[in-house]
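Got chain X sorted already, so can you dock chain E onto it with the hints?
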Amino acid sequence: MIRRFFLPFVTLLTAVVFIGKLVSLQLVNSSYKLLSDGNAVIENFIFPERGYIYDRNNKLLVSNQPVYDLMAIPENIAPFDTLELSLLLGVSLSELKNQIENAKTFSVKLPSIILGKISKERNAVVQEKIWKYQGFYLLKNSVRSYPIPIASNLLGYVSEVNKNEMKNDNYYQLGELIGRQGIEKYYENYLRGTKGKKFYQKDRFNRIIGSYEKGKYDVPMKGAQNLILTIDRALQHYGEDLFQNKRGGIVAIEPQTGEVLSLVTAPSYDPNILVGRKRSENYRKLALDTLAKPLFDRGLQAQYAPGSPFKTLNALIALQEGVIDSKTSYICNGGHYYARGRFMECHCQVGTHNDLLSGIYRSCNTYFANIYRKTIDQTGENTAEGMNIWNKHLKSFGLGNFLGYDLPVGKKGFIPDAEYYNYWYNKGGWKSATVVSNAIGQGELLTTPIQMANFTAAIANRGYYFQPHFLKSVSNDSLQKVYEKKTTSIDSLHFETVIEGMHQVVEKGTARVAKINGIEVCGKTGTVQNFMKINGVQTPLTDHSIFIAFAPKDDPKIAIAVYVENGYWGARWAAPIASLMIEKYLNGTVERKWLEDRMLNGSLLEEYEKPYSGKPFVVNE
Amino acid sequence: MVYSLLVTFGIVNVYSATFKETLHGLFDISQPVGKQVFFLFFSLFTGIIILIINGKFFEQFAPLGYIFGILLLVGLFPFGKTVSGATSWYNIGGLSLQPSELAKVTTALMIASFLSKFQTNLKSSTTLLKIGGYLFLPFLLIVLQPDPGSALVFGAFFFPLFREGLNYAFLAIFISVLVLFFITLSLPIGAVVAIISLLIFILFFVLKNFNPKIKIWPFLISLMVSIGFSFSVDYIFNNVFEQRHRDRVNIVIGKEVDIQGVGYNINQSKIAIGSGGFSGKGFLKGTQTKGDFVPEQHTDYIFSTIGEEWGFLGSFTVIFLFCLLLFRIIIQAEKQTNKFRRVYSYGVAGIIFTHFFINVGMSLGMVPTIGIPLPFVSYGGSSILAFSILLFIHLNFDANRLQ
Numbered sequence: 152m153i154r155r156f157f158l159p160f161v162t163l164l165t166a167v168v169f170i171g172k173l174v175s176l177q178l179v180n181s182s183y184k185l186l187s188d189g190n191a192v193i194e195n196f197i198f199p200e201r202g203y204i205y206d207r208n209n210k211l212l213v214s215n216q217p218v219y220d221l222m223a224i225p226e227n228i229a230p231f232d233t234l235e236l237s238l239l240l241g242v243s244l245s246e247l248k249n250q251i252e253n254a255k256t257f258s259v260k261l262p263s264i265i266l267g268k269i270s271k272e273r274n275a276v277v278q279e280k281i282w283k284y285q286g287f288y289l290l291k292n293s294v295r296s297y298p299i300p301i302a303s304n305l306l307g308y309v310s311e312v313n314k315n316e317m318k319n320d321n322y323y324q325l326g327e328l329i330g331r332q333g334i335e336k337y338y339e340n341y342l343r344g345t346k347g348k349k350f351y352q353k354d355r356f357n358r359i360i361g362s363y364e365k366g367k368y369d370v371p372m373k374g375a376q377n378l379i380l381t382i383d384r385a386l387q388h389y390g391e392d393l394f395q396n397k398r399g400g401i402v403a404i405e406p407q408t409g410e411v412l413s414l415v416t417a418p419s420y421d422p423n424i425l426v427g428r429k430r431s432e433n434y435r436k437l438a439l440d441t442l443a444k445p446l447f448d449r450g451l452q453a454q455y456a457p458g459s460p461f462k463t464l465n466a467l468i469a470l471q472e473g474v475i476d477s478k479t480s481y482i483c484n485g486g487h488y489y490a491r492g493r494f495m496e497c498h499c500q501v502g503t504h505n506d507l508l509s510g511i512y513r514s515c516n517t518y519f520a521n522i523y524r525k526t527i528d529q530t531g532e533n534t535a536e537g538m539n540i541w542n543k544h545l546k547s548f549g550l551g552n553f554l555g556y557d558l559p560v561g562k563k564g565f566i567p568d569a570e571y572y573n574y575w576y577n578k579g580g581w582k583s584a585t586v587v588s589n590a591i592g593q594g595e596l597l598t599t600p601i602q603m604a605n606f607t608a609a610i611a612n613r614g615y616y617f618q619p620h621f622l623k624s625v626s627n628d629s630l631q632k633v634y635e636k637k638t639t640s641i642d643s644l645h646f647e648t649v650i651e652g653m654h655q656v657v658e659k660g661t662a663r664v665a666k667i668n669g670i671e672v673c674g675k676t677g678t679v680q681n682f683m684k685i686n687g688v689q690t691p692l693t694d695h696s697i698f699i700a701f702a703p704k705d706d707p708k709i710a711i712a713v714y715v716e717n718g719y720w721g722a723r724w725a726a727p728i729a730s731l732m733i734e735k736y737l738n739g740t741v742e743r744k745w746l747e748d749r750m751l752n753g754s755l756l757e758e759y760e761k762p763y764s765g766k767p768f769v770v771n772e
Numbered sequence: 357m358v359y360s361l362l363v364t365f366g367i368v369n370v371y372s373a374t375f376k377e378t379l380h381g382l383f384d385i386s387q388p389v390g391k392q393v394f395f396l397f398f399s400l401f402t403g404i405i406i407l408i409i410n411g412k413f414f415e416q417f418a419p420l421g422y423i424f425g426i427l428l429l430v431g432l433f434p435f436g437k438t439v440s441g442a443t444s445w446y447n448i449g450g451l452s453l454q455p456s457e458l459a460k461v462t463t464a465l466m467i468a469s470f471l472s473k474f475q476t477n478l479k480s481s482t483t484l485l486k487i488g489g490y491l492f493l494p495f496l497l498i499v500l501q502p503d504p505g506s507a508l509v510f511g512a513f514f515f516p517l518f519r520e521g522l523n524y525a526f527l528a529i530f531i532s533v534l535v536l537f538f539i540t541l542s543l544p545i546g547a548v549v550a551i552i553s554l555l556i557f558i559l560f561f562v563l564k565n566f567n568p569k570i571k572i573w574p575f576l577i578s579l580m581v582s583i584g585f586s587f588s589v590d591y592i593f594n595n596v597f598e599q600r601h602r603d604r605v606n607i608v609i610g611k612e613v614d615i616q617g618v619g620y621n622i623n624q625s626k627i628a629i630g631s632g633g634f635s636g637k638g639f640l641k642g643t644q645t646k647g648d649f650v651p652e653q654h655t656d657y658i659f660s661t662i663g664e665e666w667g668f669l670g671s672f673t674v675i676f677l678f679c680l681l682l683f684r685i686i687i688q689a690e691k692q693t694n695k696f697r698r699v700y701s702y703g704v705a706g707i708i709f710t711h712f713f714i715n716v717g718m719s720l721g722m723v724p725t726i727g728i729p730l731p732f733v734s735y736g737g738s739s740i741l742a743f744s745i746l747l748f749i750h751l752n753f754d755a756n757r758l759q
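One line per chain: the protein sequences are X and E, in this order. So for the first sequence, the numbering used here puts the first residue at 152; every next one is plus one. So for the second sequence, the numbering used here puts the first residue at 357; every next one is plus one.
Just so you know, nobody snuck in bad clues.
One side only, chain E facing chain X, incomplete, derived with CB under 8 Å:
hint : residue
1    : K626
2    : I629
3    : G633
4    : G667
5    : M722
In short, the hints are calculated from the structure, not lab data. The C-beta atom is built at its ideal place from N, Cα and C for all residues, glycine as well.
For reference, chain E alone in the conformation it holds in the complex:
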């Protein structure tokens, strides 16, 4: 239900964002909307087949599927089509396919299968290493395309892994890495060192009060590591990142205000969303959208079209629908007794969340520009197909929960 709402809304907005006088209808396959509609039907068709298939098939198919996904990614290097610098597509009869989207599905299945099949223990380092490997392989292949945005989505698997018992230390590291990363970039390195030292010493003395036996050296080590990390972030940011990456990050943390150059997309997107007001300008009436001010509006910046033409109501509805979808998936996942299915469904939720978080956050200017689609809504045949497959497999599992 939520799925169909999102998909329909997606079509409507892709229609608006790519609207031109020359458009003949929804089904003109030479136009973006036509393609999108075509892929939608194809996805629905695929979805129905998936629902019919016995759920056990996916469990057995997982390793094979994973290998197939990896092969497709590898195959891009000799056979792929290069669009704006990234070799990410296969060209099949005029339609482009993006295997990195499919790889999400196969990897989700693989991780789930691995975690359930063997009596794996997430506390053992060999298991962790293996999982790391499964994730790192597609990640590396996609980074090499290069399409770092799509690769970043593999971070989404943190959520199912954490759910399944990944050590809290990883959560702590995950969060502190993020926090350190941003404060290092926002503040001068000296201030960062001072803040970290202060925080750790306060923590130490507070804990010392409760437990006088606690030793100081683990704190000193984490202080050293933190400071070391800060310095390396500083170094990596300034020496390893390319300028455009630096710019994207700088804009979000407010270090740079350049609305003509690199900040253009975000600024125009914010203008589009902001100008929508409460109820929006109405379908096909977005002046920002029609004037093509926001680049990539039918794909990565689809949310700005929604914001402009449907206003706060529309944007709120989209966010609400995504929450609803995610909660349903998570609740259904928790109900699963089968570990494979639970991990898989949780993976689906993680992936959708990651896309949602990055895409909407980017349109609102709160997350650095990372070009990934908004699930079900953005234009992109492979994207809608992959997300449909992801979801329909989950639905299959949910429907056959008692098997």
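Just chain X, same shape as in the assembly:
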């Protein structure tokens, strides 16, 4: 019996074992399916051309330009004159040979990049001769191009994704581009579009042998979109020119919409240097410049004391709280004793009578010290409550917090409250006199230029503002973002006196230089003390020159804040620059050539050198 059934038994056993193995391979274990896909299917991407960026008048800010990658398939390379090719490409012989060796190591049958991002100019020469080199060919690619080298911090740049970005967003794969900083980063999804995918069947040498499943899994490419920004290209350009050889920033906002007309930060850089083969080298240089900080957007990130322009807000708060009216006046004796032996200086002559109007246009420290103390002391001994009322009003102007604009960087600034002073002075350990510096925009206050421009816009609008923003519209996207109108906690009737005061500043006050024929400009100068630790010693530097303004007075089209670091008093640099910007924006041309020339040619570079000279230096010259 055993003899008869031996072979059938063995056959059956074999069949059962084989089927068992088949079950485990084909039905249970799914990893083989994945292995097979990795093995035999290749995913190719089709990238949409990155979207263009235009200004508010449809003038081009960013476009693309073709560059060329020299590719080679090693097995197709015929012997050639390596020296001649290296001269043609402008690289060293050893670099060229090295690249070809690398390509061979990678794969002899697949194309590799021998030299990436060859400029249009060099490509013209290479294109003509490349036929001589068998196995080499040029592959068109595109990089960013900037017709006018402006707004680099605002626009940002693109470069290859890094490992972290790939980990956080599985859309990206090695070697792909991503927007960095500014608009390029914030609106990356609009600008890049969505890459298409095509699946190909490949053979064991990784060569493509046809489409996979007749393109069943292919994903079509979704085109990138063009952006139209709120920026005015001409104004932006002009602002950057005015700021040459100076440090600081300009933010100009259209009050009725919250659209940012220009965002200047100086010093800046030519955005074209962050494109092409030298990108990383140039970027390193910019990042390593820790003194001038060209990558630091002063308009958004620099936190300065607001200085005298802040007096306008203190006046509005005092009016709203009813601690003064527009007629309230104080006598200035060239300053204000706020505590025994503590004196706040003022530029007024001894015995000057100041009401609200003249307090503003004379920028009287005494006046504002008084009304500020009245605001804080309105709740009697409980100064904490007065302090918090003051704080709440300022917050309604968007101070002390992010404004929510559409750029990836920013700073909150700082508006102190009772809790803050309780922490530093113990509860009850401080009085209105202790914190009187806030009256004139010094002390603990910190604001960024865009916050300054924003509250100026709120004053211009008599009590409301729109979230500042940079994107006007997206091509092929009818969806218009609606920006919320934010109303301040000050009733609109209180604004007129303050605005009249600001108008007087330009007409007969501290900033007569900012006057423009035919335009009613309202402004407020500021001169902000600042310090630097030099060898551990808190050393005063030349004051920052600042100015806020809006115009025209009764139908505001532009609200602007200008900071010129270490420019000394407000009317010296900031007011003329703001005024020229307003004239340029409203009139299209600038008539005051003498003022324009002074600003264009004026340089503060010597001033910036002083703290690093190692020698004692004089400030506020």
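This is chain E only, laid out in the frame that chain X set:
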């Protein structure tokens, strides 16, 4: 019926495995599929002739056929064509013929004839020696080509011989040799010695319980022989085998995991089969197959194409068909009253089983790589012709059972 299914499936899969855009049709003789179709028709034609011939002819023809087969094998040495190192083919007008395939047929006939013609007794050592000789001659000639894979198939004759009364000792030896071979290679030699000693002593004491008279020395001798065998396997494996043989064995017993080098074929084959899933990727849609990842896919690794494109269903069907075929042959063989025919048919079953076992096992990564075709399915004109002849002679015998 089963035959035609297998053959058709074979054509379909050879078509897929060798599919290229340039293919003009099934009958283009310059392409593998065309050749295969040509050989198929030729085989069918031959098969019909075989069915017409009187069955007695084969019995008488057997010794002559055997000599003819041997001569063809010998003739390879001066006249054969060398392909990838092995002189295994005759080149006749563009078509290659592999006499080792034919030798299976003639040897099967010869063994059957020898066992039936003389009143041979499988218990006598002279008979055993003669049979050994008949088998060893073609085996040696094929090993010398060298084509050890095909030569190994002659081991298939163990099945008819055992059926006809070969001593159980041979079965015991056959199995213990296989088992010892693999455990020796899998485990360190010390462990093997320990295991063998333990097993034999347990066996001894168990048997001693039943029969107290049993002596210990036969057990000691078999222990000595076993250990000796283990050591010699170890020695042969490490010193006589070539590295590629060692690698093939090592991969199956899991000692080596090298998917880039020698393990590549098996790994790719497993990937292909595994990726087929339940119902497969569909005809001509196997990505592994189309990408040529599995080498020799239309011949030795045809089963991976089936696994990938037809999935579990297809693979299961193929295994099922082979079982069906083998069972039918065995049942028909058992019905034969004529000893010659019975031994022959049993030989056919043994040969087909051996091919099936080695080929599918290899594709699944369970048997070391031995390059032999899957009967009726793999590409190879000589193979399909030889298996057809084998089968049709069996069919002839079965049809004329009452003669």
